[in-house]
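> In the order they appear, the protein sequences are chains F and X. Be aware that the first sequence starts at 1, since it is given in the working numbering, and climbs by one per residue. Be aware that the second sequence starts at 1, since it is given in the working numbering, and climbs by one per residue.
Take the hints with a grain of salt, since some may be wrong.
Which copy is meant is left open, because identical chains are indistinguishable; a pair holds if it fits in one copy or across any two.
25 Å max Cα-Cα, derived DMTMM-like pairs, lysine to aspartate or glutamate [as the list claims (entries may be wrong)]:
| id | residue 1 | residue 2 |
| --- | --- | --- |
| 1 | Lys307 | Glu556 |
| 2 | Lys419 | Glu693 |
| 3 | Lys578 | Glu86 |
| 4 | Lys585 | Glu697 |
Read the hints as simulated data drawn from the structure, not as lab findings.
Number of protein chains: 2
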Amino acid sequence: MTTVGKPTRRIEGVEKVTGTARYTEDLVLPGMLHARLLLSPHPHARIRRLSKDAALKVPGVVAVLTLSDLPLPPGASARRMLAGAEVRYTGEPVAAVLAESEAAATDGVEVLAISTEYELLPAVLTATEAMADEAPLVSPAAEDDAEAAGHGAATGGGSHEQKPSNVANRYHYHRGDVAQGFREADVVVERTYTTSRLHQAYLEPHATVAAVDPMTGGVTIHTATQGTFFVREATAKALGVSEQLIRVVPLTVGGGFGGKIVLTQPLTAALALAVKRPVRLVLSRRDDFLLSAPGPGSTIELRTGVKRDGTLVALHGRLIFDAGASSGAPAGIGGVLLGGYYRFPHLHIEALEVLTHKPPVGAYRAPGAPQATFAIESQMDEMAKELGLDPVEFRLRNAVDEGDPMPNGRPWARMGLRKVLETLRDHPSWRDRVSSEGIGYGVAVGGWPGGVESASACVRANLDGTFQVVMGAVDITGTATSMALIAAEVLGIPPDRIRVVTADTDQAPYAGMAAGSKTTYTVGLAVKGAAEDARRQVLAIAAKELEARQDDLEIEDATVRVRGTPQKALPLAVVAQKSMSFGAKYPPVFGTGSVPSPKASPGFAAHLVKVRVDPETGQARLQGHLVIQDVGFAINPAAVDGQMRGGAAQGIGWGLLESMVYDEAGTLLNGSFADYSIPRATDVPATETVIIEVPSESGPFGAKGVGEPPVIPGGAAVANAVAAATGVRITTLPMTPERVAAAIREHRRDSANPGN
Amino acid sequence: MTTVGKPTRRIEGVEKVTGTARYTEDLVLPGMLHARLLLSPHPHARIRRLSKDAALKVPGVVAVLTLSDLPLPPGASARRMLAGAEVRYTGEPVAAVLAESEAAATDGVEVLAISTEYELLPAVLTATEAMADEAPLVSPAAEDDAEAAGHGAATGGGSHEQKPSNVANRYHYHRGDVAQGFREADVVVERTYTTSRLHQAYLEPHATVAAVDPMTGGVTIHTATQGTFFVREATAKALGVSEQLIRVVPLTVGGGFGGKIVLTQPLTAALALAVKRPVRLVLSRRDDFLLSAPGPGSTIELRTGVKRDGTLVALHGRLIFDAGASSGAPAGIGGVLLGGYYRFPHLHIEALEVLTHKPPVGAYRAPGAPQATFAIESQMDEMAKELGLDPVEFRLRNAVDEGDPMPNGRPWARMGLRKVLETLRDHPSWRDRVSSEGIGYGVAVGGWPGGVESASACVRANLDGTFQVVMGAVDITGTATSMALIAAEVLGIPPDRIRVVTADTDQAPYAGMAAGSKTTYTVGLAVKGAAEDARRQVLAIAAKELEARQDDLEIEDATVRVRGTPQKALPLAVVAQKSMSFGAKYPPVFGTGSVPSPKASPGFAAHLVKVRVDPETGQARLQGHLVIQDVGFAINPAAVDGQMRGGAAQGIGWGLLESMVYDEAGTLLNGSFADYSIPRATDVPATETVIIEVPSESGPFGAKGVGEPPVIPGGAAVANAVAAATGVRITTLPMTPERVAAAIREHRRDSANPGN
């Protein structure tokens, strides 16, 4: 292979780093109005009065719209629109103010806020409160969210129930006889782990410009989304119209991480339909923090049993994900992963998704996985410590492999978990580590079952002999560059002769959302198929024109040549012209590829972190980070390396920094980047990446999904390192200095007074 | 067949007639500048001085650009840019003024005109002058124009020479021994026919908005064109860049008739690149008349010989097309048609394309055909009259049929010429005609060899069970509606569940320009293939899901059913969802069709017109019009009927009204719709259409190209009717009242003085 496998600069990289890339925010349509939203200041309340008059008098304000002003037919889903009679979380959009400028719209919202009165209703702000017997119901009829399904891995299986309570979804996974398992155990560890609600912390807030098409009465939606077809479907359903009337034009996504699937697009479309003018809704940073869909916080009760020789025997787990005011938290995936990495002959896992009066959660890179992994990988370290075993060897002894069942009973496919652990075991950073006072090393592994979806793509010749990949997948991680490499490899031309176009939903072949580590894995297969199709067509034409056998042809220097007879040659431009011109003898060179969901290829990563903890302040700082990941085959090693480093950094956020903090009234206290801590350059240590390639049976050139795995074990590895550095097991993320210092103090107190 | 063949309202019709359709002129991009062009006031001159200073002082003017200011690399074609050192026709763009408003740009041009000085050079304004020995050369190196080729029919063959003179192209067609042929003739008729330069008279002037893409440095061109890929190719060549950097977005075409292929797009793109702001160039009506590409005027010397029994024996013809300042006149097609309708055992045709100092011509519906048909069909009538034969029977006796050679030696394919003539012969309007004083009936036939081009198209399922046709062909005549019918017929669903998208050049499957009667004929085949592909995919999925044999399935009411077991059914929406969703077992339903150029299917039309001529004023008025056309199969009979009526009306323009008139300085005298006469409602009589269906071997459902044939015989039929009404043969079109009155006067003088 001459093209794939070589580190390649991202096509869109220069524009992004030089600031010339255009985002939705930069789009100006003639006659466009600016929208700002009035957000609920209460977690649960009845809207007693909303008077538009004063807001409408603000200069520049054109319209003030509430739910009843939106052109929604009966039966249309009100999801992601405006609140009706009641608000169900602080930050829920209550009304939209449309104005000739953003400033006027902002003024209008401020005036409108004064003219709006609420009657407070009892709210439940934590899963514990929500699960109490007398708790008020957050949602009379829980509505399921396909977003997590589209993002998530193919888990399924297990049993799953749903009933009218704040427990929106409840999953059970069983294997063997758990009670018997624990009877066989020599050591039992039982802990409760807690993780925080995390924001995806993308740089670009949610942004949409919607315009009514005067030709069709439909709406064209320009937006930063990870999934154009998903936005189309959700908007068509929300508006109660045919999908044909909705056109979604993808614009550059300024960071997504699962948080840019669908949010304000249906509302913006409804606003444009209501006023018959283009409407631009770009959230302020504060509004984005308040109403976007972060990753859920979790509480995980975990009990595991192990024999003295290090053989795991039983697991009992209960995961509770706080979904906010609508269902959509990935409790099922969390349950599968909690018991999925290791061979537990006996297990019982219950995974609950609980509604609260907080903003609905959504997908965050590897939904559900960092939470579950934090729990099981902390537990694995504790068991190893209790047994006096090397934590890597202990994991290797119990790690699942191809054919082993997941908690849902489905077998794991070919996977690299063992290879990743062996690489970690033999790596000098682990093998030669030297512990010292206040320094700890922590390891953890984590994996993603692999996202799967059907996809189509086209590879088309241009008249000058260049080629165009046309696909429906949005590029959020450099996947367009990988598609160019795939097509170039197949066609035998340099990648700069390939242009990759993400087409809009009117024109694109189908692709699922760019999420769940599945773009290169699934759409890449379609692109490969399309390029192979195009290549066959090129060679068929050249064979006829050169009077040669197709098998004797090769493509070199943008020219088809007869092997061994280099003077018999036909430039690709000539092939293209002979297939696309007046009187052309041949059909246009137009390759297509369509693939069903491939078999899932699990992707695993291991992290080793070195942490120094100041025992007085509780400040933990990373001194080194090693990421080992099985990617099947690295189509663009530079992009893979970037994913691994980015995932490692986000893992530090999970471990030490990030948390959306709500007060007792359900108000977010840190809704800005001044208050919400994400890892800065100074928080990220020197990071080493090691790419492992256990080829996938299905992915293009053996590639697997790369995006989710590297974030998954981060929090757990940091926690294990902090435990090693301090001797204190902390079970709550993030491990802020206050939390660490308090834990150390408590531990010292306990050690000083062992009798207590 | 349940869908194709039924008269169907045009999808885009309502928007067009209610004025809600948006045109390029309506497009406003942020920061957009308005361009106006300084046009040469002289047919041939050296630009002695051009001072920008005064124009730049006009308020609102931002830039004044000449050729040297455009970012054109060495070697880029300067065609369709700005004049260099010399101007070669009155109306040639010399400079562009860019301003914040169109009014400011117009003012700037007026000021610039005063500041520009020319040195007049000798000009040739007619083909006769241009062919004189000492004539100045219009073009040092004649450049060929692919436009006519793309529009034109598959003629080819014959011999073709090119040499440095004002004769840009010279074609010869030979058969038999012409001298011997004329020796066998009992009657020889010799005439010289002249036709005028005609404007396509579309309602919307040429309009383009070009914007530089900051991501790629390329240009996005929003434009009203009949051929997006052709514009892309021409612009890439003109700018010397890769086609990948040019994106052409098709907007509604407000009339084309061959005149909207490529004109100002490369220049507008160059202007946008020069100033790095979006540039809008919408021609004023006057500028459009001055610099757009009309149909060429012609002079045709024709000599034919026939035996007393009505058997044609010889033809000698010489066609001269006045191409204006660049080559591109369809002389070759004219030559092939001049000798192509009838069996001449001996023929010699010479067809010349001559350059003059007039604006370059382009394609006008059926390029070259009305001119040649006027000559041969006038001649046929005269011969019939000399022989005392019925003109329809005389044509029938000599008409070519499948397998007969064209003048270029290629055989005619299956064709309906005879069927059309027989239908005319038996039609009551002809059979039962009653002549009277001042009333004449005229007939003529004409045909088009059939445009051919390769094409691709996609038919894609949407998640709600609707389907989308994605193609690259622009709809100028209702072809999108025909595509919906084709796809609906194949899929077995109502046409309103099909949406047809003309994609831009970044995203579209290839299609040639919408010209030459080839969109439905060629792209329709690709759409049919794509729909069949999509249907197969739908049935394959349903067969598996319903556990049935594919052959037992049918599609009815948007549902796949097992024949005879109606309860075994799967809605199309479910099929779509099973093929396009997370974990989908099946590939997305994404049908594609790619076809090479089909064999050409000639299309013939016959016209019968009834004319009343006022012998004093020379005013000829139509009293009835019958159009009989073989269309192979009428996919949308309403659209076919519309094409026939439109062609008939344009034929009246050819016959009686239309002519671009130039003065001795090469200045167009009638560059407005106040001065340039096109048929008005009062000029068009009651028109009857008769659709004949001699199925094409290749076209979709047997369809043939429909657009060109109905305009072709119009002028000739009117001329024959005027001759019948007055007894005077007029050989110059249009037959204006002055011309007719003069001819009648001269004829009376000659009759009164037979000795002269």
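> Please go over all the hints and tell whether each is borne out by the structure.
Structure-based check of all given hints:
Neither within a single protomer nor between protomers do Lys307 and Glu556 lie at most 25 Å apart by alpha-carbon distance, with minima of 61 Å and 63 Å respectively. When the C-alpha separation of Lys419 and Glu693 is checked against a cutoff of 25 Å, the pair qualifies only within one copy, where the shortest distance is 9 Å, while the shortest distance between copies is 70 Å. In the homo-oligomer, the alpha carbons of Lys578 and Glu86 never lie at most 25 Å apart, since the shortest distance is 65 Å inside one protomer and 37 Å across protomers. Taking the shortest Cα distances, Lys585 and Glu697 sit within 25 Å of each other only across copies (17 Å), while inside one copy they are farther apart (39 Å).
Hint violations for this structure: numbers 1, 3, all remaining hints satisfied.
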